[in-house]
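Respectively, the protein sequence lines represent chains A and B. Here the first sequence is numbered in my numbering, starting from 758 and rising by one per residue. Here the second sequence is numbered in my numbering, starting from 1356 and rising by one per residue.
Quick caveat, the hints were computed from the structure, so don't treat them as lab data. A portion of the hints provided could be inaccurate.
Taking lysine to aspartate or glutamate and the DMTMM-like style, the derived pairs with C-alpha atoms no more than 20 Å apart in a straight line are [claimed, not checked]:
no., chain 1, residue 1, chain 2, residue 2
1, A, LYS865, B, ASP1409
2, B, LYS1688, B, ASP1710
3, B, LYS1688, B, GLU1664
4, B, LYS1428, A, GLU933
5, B, LYS1367, B, ASP1429
6, B, LYS1604, B, ASP1557
7, A, LYS865, B, GLU1471
8, B, LYS1627, B, GLU1611
9, B, LYS1533, B, GLU1426
10, B, LYS1459, A, GLU933
11, B, LYS1627, B, GLU1616
12, B, LYS1428, A, ASP823
13, B, LYS1627, B, ASP1710
14, B, LYS1533, B, GLU1471
15, A, LYS865, B, GLU1611
16, B, LYS1459, B, GLU1426
17, B, LYS1428, A, GLU887
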Amino acid sequence: MTTAPLSAHGARRGFPVRPGRIITWTLLFLGGLVMVTPILFMLSTSLKDASQVYDLRLIPEAPSLDNYVTVLSDGRFLRWFINSLIVAVCVTLSNVFFDSLVGYTLAKFNFRGRYLVFIAILSTLMIPTEMLVIPWYLMASNFGWIDTYWGIMFPGMMTAFGTFLMKQFFETVPDEFLEAARVDGLNEFTIWWRVAMPLVTPALSALAIFTFLGNWTAFFWPLIVTNSRDLYTLPVGLSSFAVEQAIQWEMIMTGASLATIPTLIVFLLLQRYIVRGVMLAGLKG
Amino acid sequence: MANIALNGLVKKYGSTTAVHGIDLQVKDGEFVVLVGPSGCGKSTTLRMIAGLEDISGGTITIDGRVVNEAEPKDRNIAMVFQNYAIYPHMSVAQNIGFGLYTSKLPEHEKKKRIEETAKILGLEKLLDRRPSQLSGGQRQRVAIGRAMVRNPAAFLFDEPLSNLDAQLRTQMRLEIKKLHQRLGTTIVFVTHDQVEAMTMADRIVVMRDGHILQVGTPMELYENPQDIFTARFIGSPTMNLLPAHLAEKAGRTVAEIDGLEASVAVPADYAKAASGSEVFVGVRPHDLVVGAEAGEGSFALSGAVSVVEPLGPETLVHLDVGGTSIIASAPGKVIPQAGQRVTVHATPGSLYLFDKKTERALCRL
Ligand SMILES: Nc1ncnc2c1ncn2[C@@H]1O[C@H](COP(=O)(O)OP(=O)(O)OP(=O)(O)O)[C@@H](O)[C@H]1O
Ligand SMILES: [Mg+2]
């Protein structure tokens, strides 16, 4: 009882900090550095002109926003940006909706074969994407989905991982919440939408962030399924900068810098809910 | 307003039977309390009435209509849960208003109802708060408000007070009783606390292992328990049971307390009804008084005091009577010392005789 408050005070008032703390902070700092350095290089390169690209200084000699002007005034970039946005937003909304609908059903309804369905969904997690690409491609080409938005999106519209995640979270929602609504006369869909979903916002936010990021940065499948430049997503489009002429690193880095913006926005918007959700979870009733 | 009838109601979970064909009539406007130990099937029964559990057998009738197959929403009943089940993402007003979610009332009418309900429950200043900013008692009031706002035909409560501390419990008990007097709506209330049952109920239903043992007013159950279980369940502290056997003595039938000199006369008719000679003599601690005058035909026991629990108006005295420990009472100002030998008396008519084998009550002595 007496030592714990003392040491807490000690740390806050600048008393000698325990060695464990120093090691933790050092490791965290090094980890952060490793993560941030490439991003700093990306930003710095985007501010350099072509002649300085291989000059590895972090602070550009004559920083300028010319690259941004070039990239943004090039209609193709904007087009790819919008394509990526359409794909990522649609897939994210679809996952948030369907993964949680299925997860909820698996968590909260007792029906014959429920366990089997769950195992079947989980088992798809064991199949690596590389193995799925060919069947996906055959399917897309049979249905005429090649070179369409739907063709880019369809494999990710629902994921086993998302379903699993949501099921686990819905299991933590007390049945009484749902039963109270049932007695109040709500139908099952409304109970899910108005009662269960708001109670799992932290999980929904996490799922939305993962899905958005995954699709925003997806490269392999969009590359395979798109032919026309107008349908490229941003990563595919940016990489085409590299193959066309000599590699224009400064342009790629400028595009990549711009590409991080939606990611940041999504994170900043949803992060709030994650924190709030954690606080909610700590309260009884 | 509704009466509720259960006829041969059965609930099976796979091979285990939670409720064994119970019959119960709840009259319109009545406050009925289901009471019994954990796992006796109280919640299951209540949830079947609410429509939250399928029925394995028998019927449930609400206002003359068999509702076995009816969805919860078509039964016009409201339920209050043990853990309140109020939604953390909604304000108090939204939570109370949630009871009206499916109602076709115009918005301003809904708002009026919410405000009226909040006023009755003393929540009018808290309407904009979130559940996390409320105390336990306030949360429970919100849950009751959500049930009330719909004006249901009946309320079902499943141990709504068990998460509250003792003082708040007493207060909420009173408030629910007042609410019932004011609204006059039928209430079925589940608890495992006999004090709650005694203080609130018009009629108490004692359940055990999925059976109904006895139904009656609190005083009926207290005065005339039909078996040992009810006798010991109702009333606090618990009724003392002294093992005894029936014997003939000077041409009269008596129950002789095992291992003691004491005995009580038993009317011959009742003695014949016993399945054997083994019986229990039961006596409530309040009827077994330290220092009472030994009157005509009174029942006396003496023993050494082991523990005393002064409660103010009276003192509970734990006695060791020939190896059996029993609880007696003493008037508040009389506080015997531990180790002291005392004699306790019970007046005629305050003893109960139970059959040991069948556990049924035989008569009062
Ligand atoms: N979903 C279920 N599956 C199997 N058995 C169940 C289920 N729900 C309840 N039971 C069993 O049915 C019996 C009655 O349970 P119930 O919840 O009605 O008890 P209770 O009287 O409400 O007890 P408590 O005071 O602890 O709430 C118990 O033996 C319990 O184990
Ligand atoms: Mg229960």
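For each hint, the structure was consulted:
Pair hint A/LYS865 plus B/ASP1409 holds up; C-alpha atoms about 16 Å apart against a cutoff of 20 Å. Note on B/LYS1688 and B/ASP1710: the hinted pairing is violated, with a Cα-Cα distance of about 37 Å set against a maximum of 20 Å. Annotation: proposed proximity of B/LYS1688 to B/GLU1664 holds, straight-line Cα distance about 12 Å (limit 20 Å). Pair hint B/LYS1428 plus A/GLU933 holds up; C-alpha atoms about 15 Å apart against a cutoff of 20 Å.
The hinted pair formed by B/LYS1367 and B/ASP1429 fails the criterion: a straight-line CA distance of about 24 Å is larger than 20 Å. With a C-alpha separation of about 44 Å, the suggested pairing of B/LYS1604 with B/ASP1557 is violated against the 20 Å cut-off. A C-alpha spacing of about 35 Å is found between A/LYS865 and B/GLU1471, which places the hinted pair above 20 Å, so the restraint is violated. Between B/LYS1627 and B/GLU1611, the direct Cα distance comes to roughly 16 Å. Compliance with the 20 Å bound is thereby established for this hinted pair.
Distance restraint check for B/LYS1533 and B/GLU1426: the Cα-Cα separation of roughly 30 Å exceeds the 20 Å cut-off, and the hinted pair is therefore not satisfied. For the given pair, B/LYS1459 sits about 25 Å from A/GLU933 by alpha-carbon distance, which is inconsistent with the 20 Å threshold. About 23 Å separates the Cα atoms of B/LYS1627 and B/GLU1616, which puts this hinted pair outside 20 Å; it is violated. Under the criterion of a C-alpha separation no larger than 20 Å, the hint pairing B/LYS1428 with A/ASP823 is inconsistent with the structure, at around 65 Å.
Between B/LYS1627 and B/ASP1710 the alpha-carbon distance is near 11 Å, which keeps this suggested pair within the 20 Å criterion. Restraint check: the Cα-Cα separation between B/LYS1533 and B/GLU1471 comes to about 16 Å, which is no more than 20 Å; the hinted pair holds. Distance restraint check for A/LYS865 and B/GLU1611: the Cα-Cα separation of roughly 59 Å exceeds the 20 Å cut-off, and the hinted pair is therefore not satisfied. A C-alpha spacing of about 19 Å is found between B/LYS1459 and B/GLU1426, which places the hinted pair at or below 20 Å, so the restraint holds.
Distance hint between B/LYS1428 and A/GLU887 is unfulfilled; the C-alpha atoms sit about 50 Å from each other, more than 20 Å.
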